[in-house]
Amino acid sequence: MPKDAVPLIAISLNLSRAEVHGVLSFYHYFRKEPPGRHVVHVCRAEACQAVGAVELESHAKKTLGIEWHGSTPDGAITLEPVYCLGNCSLGPSLMVDDTLQGRVSPKRFDQLMAQLKEPAVGGA
Amino acid sequence: MIATRIYVPRDAAARSVGADQTARAIAFEAERRNISIELVRNGSRGMLWREPLVEVVTAAGRVAYGPVTADDVPGLFEANFHHGRAHPLAHGRTDELPYLKNQERLTFARVGVTDPRSLADYLGHDGYRGLAAALQLEPAAIVDSVTASGLRGRGGCQHFRPASSGRRCWARRPAKSTSCATPMRAIRGRFPTGW
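Protein chains in written order, with the working numbering: chain G, 87 to 210; chain R, 367 to 561.
One chain only, chain G, in its complex shape:
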């Protein structure tokens, strides 16, 4: 959602620019810049935290070299927090694009990320 789109949306929906900005900045699924080719959501809810999500979170940020909402310089991966994927008994959980992953150790995280960095079979 580029910045220039805000006044257009405001006029179309008969809202103030401030109201549109409020919604866009409140909901993280609205983006000002395009995400990476893959979006990785790491669960930060209580059940996952109880089984190692905090460690997984710092491992993810360190190995990818980015913070929440950031993208790797090669544009491959965007890192996002998420609050409960409903997979509490099999945490730590994350979503890699549309795929739910459970029991994600730092080692498993590295395997999943390596798959994302590989070029698509047959070329993109």
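Check the hints yourself; a few may be wrong.
Unchecked claim - Reference listing, derived: stretches of chain G covered by chain R, where coverage requires no fewer than 3 residues with Cβ under 8 Å from a Cβ of chain R:
id, region
1, 169-176
2, 185-191
To be verified - Here are the simulated lysine to aspartate or glutamate pairs, EDC-like style, with alpha carbons at most 20 Å apart:
id, chain 1, residue 1, chain 2, residue 2
3, G, LYS118, G, GLU153
4, G, LYS193, R, GLU395
5, G, LYS193, R, ASP438
6, G, LYS147, G, ASP160
7, G, LYS147, G, GLU105
8, G, LYS118, G, GLU132
I should point out that these hints are in silico values taken from the structure, not numbers from a laboratory.
Note that the Cβ used here is the ideal one computed from N, Cα and C, for glycine as well.
Add chain R to chain G, keeping to what the hints say.
The following block gives chain R in isolation, referenced to the frame of chain G:
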């Protein structure tokens, strides 16, 4: 030769820990060893800590193994798990596991037992029996029987809700959307709404 039926759940939790890879590995190993199997993707039995929970149908009933990763599959075939034999991941008969044995399941009675997308499985577990009986009745008689049963609630899905809807007859009302975790039951649930 009769194919051995092997269950590998396809529900989201089981898939999050590799059930799809496990299922593929089982199909691959069975073919490689020239063993005839019928692979069924069921729901989860609910023992998520043992997912992917693989079940093998034997003469004595369903035998559980878990958690079974794709890497465990060749070793399981070596141990003849497809005949229900012993293995470090074996837990014996599924029905005898304390977690299931001590439960009386109603709404979840078929979950984990059947392939949720199989009409044959649903019919094989008494699915649509009530519906078949209801189709023999006039709409007013159906309302009377539901009222007499004392059934109430479920209003959120637009299923039967006589106690909260003041016994109005829905037979002539337009169909409304319904949703439910088990597709065959959802069809059963929305049928009276539209009929």
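Margin query: Hint compliance check: list the failing hint numbers for this structure, sorted ascending.
Written below: 4, 7 and 8
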